[in-house]
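Asker: One letter stands for each residue in the lines below.
There are 2 protein chains.
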Amino acid sequence: MKITIIGLGLIGGSLAKDLRRSKFATELTGVDANEIHAGEALELGLVDRVEPFEKGIKNADLVIIAIPVDKELEVLPAVLDGIDPNTTVADMGSTKKMITDLVKNHPKRKQFIPAHPMSGTENSGPTAAIDDLFRGKIAIICDHEDSGPQHLALIEKMFQVLGMDIAYMSSDDQDHSTAFVSHLPHAAAFALANAVQAKEDRNIIFDLASGGFRSTVRLAKSSCSMWKPIFEQNSQYVVNSLNVYIQHLQQFRDCMKNNEFDKLEELILNANKIRTILDGEHPHFIKNEETFIKLYTK
Amino acid sequence: MKITIIGLGLIGGSLAKDLRRSKFATELTGVDANEIHAGEALELGLVDRVEPFEKGIKNADLVIIAIPVDKELEVLPAVLDGIDPNTTVADMGSTKKMITDLVKNHPKRKQFIPAHPMSGTENSGPTAAIDDLFRGKIAIICDHEDSGPQHLALIEKMFQVLGMDIAYMSSDDQDHSTAFVSHLPHAAAFALANAVQAKEDRNIIFDLASGGFRSTVRLAKSSCSMWKPIFEQNSQYVVNSLNVYIQHLQQFRDCMKNNEFDKLEELILNANKIRTILDGEHPHFIKNEETFIKLYTK
Numbered sequence: 000m001k002i003t004i005i006g007l008g009l010i011g012g013s014l015a016k017d018l019r020r021s022k023f024a025t026e027l028t029g030v031d032a033n034e035i036h037a038g039e040a041l042e043l044g045l046v047d048r049v050e051p052f053e054k055g056i057k058n059a060d061l062v063i064i065a066i067p068v069d070k071e072l073e074v075l076p077a078v079l080d081g082i083d084p085n086t087t088v089a090d091m092g093s094t095k096k097m098i099t100d101l102v103k104n105h106p107k108r109k110q111f112i113p114a115h116p117m118s119g120t121e122n123s124g125p126t127a128a129i130d131d132l133f134r135g136k137i138a139i140i141c142d143h144e145d146s147g148p149q150h151l152a153l154i155e156k157m158f159q160v161l162g163m164d165i166a167y168m169s170s171d172d173q174d175h176s177t178a179f180v181s182h183l184p185h186a187a188a189f190a191l192a193n194a195v196q197a198k199e200d201r202n203i204i205f206d207l208a209s210g211g212f213r214s215t216v217r218l219a220k221s222s223c224s225m226w227k228p229i230f231e232q233n234s235q236y237v238v239n240s241l242n243v244y245i246q247h248l249q250q251f252r253d254c255m256k257n258n259e260f261d262k263l264e265e266l267i268l269n270a271n272k273i274r275t276i277l278d279g280e281h282p283h284f285i286k287n288e289e290t291f292i293k294l295y296t297k
Numbered sequence: 000m001k002i003t004i005i006g007l008g009l010i011g012g013s014l015a016k017d018l019r020r021s022k023f024a025t026e027l028t029g030v031d032a033n034e035i036h037a038g039e040a041l042e043l044g045l046v047d048r049v050e051p052f053e054k055g056i057k058n059a060d061l062v063i064i065a066i067p068v069d070k071e072l073e074v075l076p077a078v079l080d081g082i083d084p085n086t087t088v089a090d091m092g093s094t095k096k097m098i099t100d101l102v103k104n105h106p107k108r109k110q111f112i113p114a115h116p117m118s119g120t121e122n123s124g125p126t127a128a129i130d131d132l133f134r135g136k137i138a139i140i141c142d143h144e145d146s147g148p149q150h151l152a153l154i155e156k157m158f159q160v161l162g163m164d165i166a167y168m169s170s171d172d173q174d175h176s177t178a179f180v181s182h183l184p185h186a187a188a189f190a191l192a193n194a195v196q197a198k199e200d201r202n203i204i205f206d207l208a209s210g211g212f213r214s215t216v217r218l219a220k221s222s223c224s225m226w227k228p229i230f231e232q233n234s235q236y237v238v239n240s241l242n243v244y245i246q247h248l249q250q251f252r253d254c255m256k257n258n259e260f261d262k263l264e265e266l267i268l269n270a271n272k273i274r275t276i277l278d279g280e281h282p283h284f285i286k287n288e289e290t291f292i293k294l295y296t297k
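From first to last, the protein sequence lines stand for chains A and B. First residue of the first sequence: 0, per numbering that gives the first Met the number 0; consecutive thereafter. First residue of the second sequence: 0, per numbering that gives the first Met the number 0; consecutive thereafter.
Simulated from the structure, these hints should not be mistaken for laboratory data. A quick note: this is a predicted structure, and the numbers were derived from the prediction, not measured. Every residue gets a Cβ at the ideal spot worked out from N, C-alpha and C, and that includes glycine. Careful: at least some of the hints might be erroneous.
Which bits of chain B does chain A cover? Going by a derived footprint, with three or more residues having C-beta under 8 Å, they are [said to hold, decoys possible]:
#	stretch
1	185-193
2	230-243
3	256-265
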């Protein structure tokens with residue numbers, strides 16, 4: 000199958016590696032507005048060739064868009080305008096409501112699958128691409144009833160090949176849930192990095208930085224060009240999640256302030272429950288042949 | 000050298016492993032109020048024998064106290080009361096001001112080194128003990144001028160054997176710095192775990208939990224019996240650090256609320272600087288023979 004990947008960064012590059020190795024892709028074409036990234040991707044063998052946008056999306060069986068979500072708003076309509084009638088298009092963005100609203104009435108809407116593989120690292124660019132980035136993780140497919148069944152089946156097959164479990168939900172539900180589980184932890188890490196850098200004795204802080212600090216602040220290394228537009232597109236749900244988080248921090252602080260250490264103990268013991276919950280392997284999924292599929296309905 | 004370790008958990012057990020392997024310890028005695036832990040430590044071969052408190056601290060060259068900091072307040076004075084005149088005592092607690100104030104006028108104060116190895120995992124108990132937990136990390140030694148030089152030299156030698164860099168500072172400075180670099184990230188993780196558990200659609204959240212979420216919330220698995228007394232003893236500095244953190248979260252949220260995405264970009268780019276700072280290897284330390292030593296003075 001001929002696959003064109005637009006955006007040869009961490010996600011696009013890692014997809015290229017796995018899809019080639021699994022033989023899901025037989026021909027891989029790359030499109031990237033950043034010439035340095037395009038050159039690196041070729042040199043690393045992530046794609047067979049790099050083409051300009053118009054030529055790159057022609058004659059492809061599948062076009063995957065893996066670029067920052069602000070750029071997607073320009074690129075997706077142009078992709079839908081330019082593709083052949085049998086080409087499938089999927090995006091990999093972290094926000095879904097704005098992009099699906101944008102192409103709601105596009106004549107080729109059925110060829111598009113709005114998707115979000117819940118996987119990544121704090122690194123970016125083609126050199127950050129790694130094998131098996133997606134294995135064992137969840138891929139969200141949004142508003143699947145708005146896509147044509149053949150196009151949906153192809154993307155489901157791709158996620159199965161990548162070793163992913165699939166969750167189906169509306170674009171709005173995805174943005175709401177992702178605000179808590181991905182956007183909030185990133186905002187928390189950015190703010191923590193800024194808080195410790197604001198302290199007067201910065202050198203002491205960084206000399207002492209232990210493993211616990213490093214893991215909590217790791218996401219603060221994440222790319223601004225990727226994250227600024229995510230916060231922009233999902234601002235309402237992220238603001239809500241930050242409000243909930245700030246309330247929990249204030250509650251934690253007030254226990255200390257008011258010498259209520261029995262109450263603090265309750266908060267810690269409740270937080271500890273995250274261990275059992277996270278150590279399970281997607282306990283809410285139902286096994287369906289080779290993959291785990293879950294439909295979230297209200 | 001005969002070493003007695005009081006508290007055979009993650010820290011005590013990991014010390015036992017490294018000190019035996021390096022031959023720094025020739026005889027290892029364990030003391031633990033928890034009989035199950037004591038049995039596990041014996042079974043795992045962490046210590047040669049388990050003794051009751053009074054017998055365990057007799058005839059030791061070195062007594063290491065590695066128990067929760069509230070228990071330390073009872074145990075350290077009893078250890079100092081009971082040891083021989085040549086025995087060295089070190090504690091491994093995360094807070095230092097309260098414990099050093101407590102034994103300030105003890106006749107055997109010079110035999111005591113208040114220490115804090117900045118290393119750990121979110122697991123606890125003897126089964127959590129691992130090799131090389133301390134290598135490449137920082138050990139803080141507090142108020143070193145209040146300890147006898149031979150006792151100080153022995154603990155410095157021990158940390159060098161463990162592969163640690165040593166930072167010297169006052170108990171008050173250590174509690175202040177550790178509030179930011181260790182206690183705040185733990186409080187942030189506990190509050191984040193509680194915030195996401197409070198969301199109505201918990202199942203979705205946990206199915207979707209990605210690597211980023213997992214690393215940010217990892218510390219929320221940490222033991223309550225260890226952390227509650229740390230927050231209790233260092234409440235003032237931790238409350239301060241939480242206030243700074245909450246301000247930075249509010250600033251981040253307000254950028255989204257008020258559509259100030261240029262300002263949000265500045266915050267993210269500033270947070271990104273943590274990458275360069277953390278990826279350096281203790282850049283502020285001066286190499287001194289085999290170890291890196293830094294004296295923090297005001």
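Asker: Against each hint, give a clear statement of whether it holds in the structure.
Answerer: Taking the hints in turn, this is what the structure says about them:
Coverage of a stretch by a chain is defined here by at least three residues with a beta carbon nearer than 8 Å to that chain's beta carbons; for the stretch 185-193 of chain B and chain A the count is 9, and the condition holds. Here's how the stretch 230-243 of chain B fares: 9 of its residues keep a CB closer than 8 Å to some CB of chain A, so the rule of at least three is met and the hint holds. Counting residues of the stretch 256-265 of chain B whose CB lies closer than 8 Å to any CB of chain A gives 5, which reaches the minimum of 3, so the coverage claim holds.
Hint check: no violations occur; every hint is consistent with the structure.
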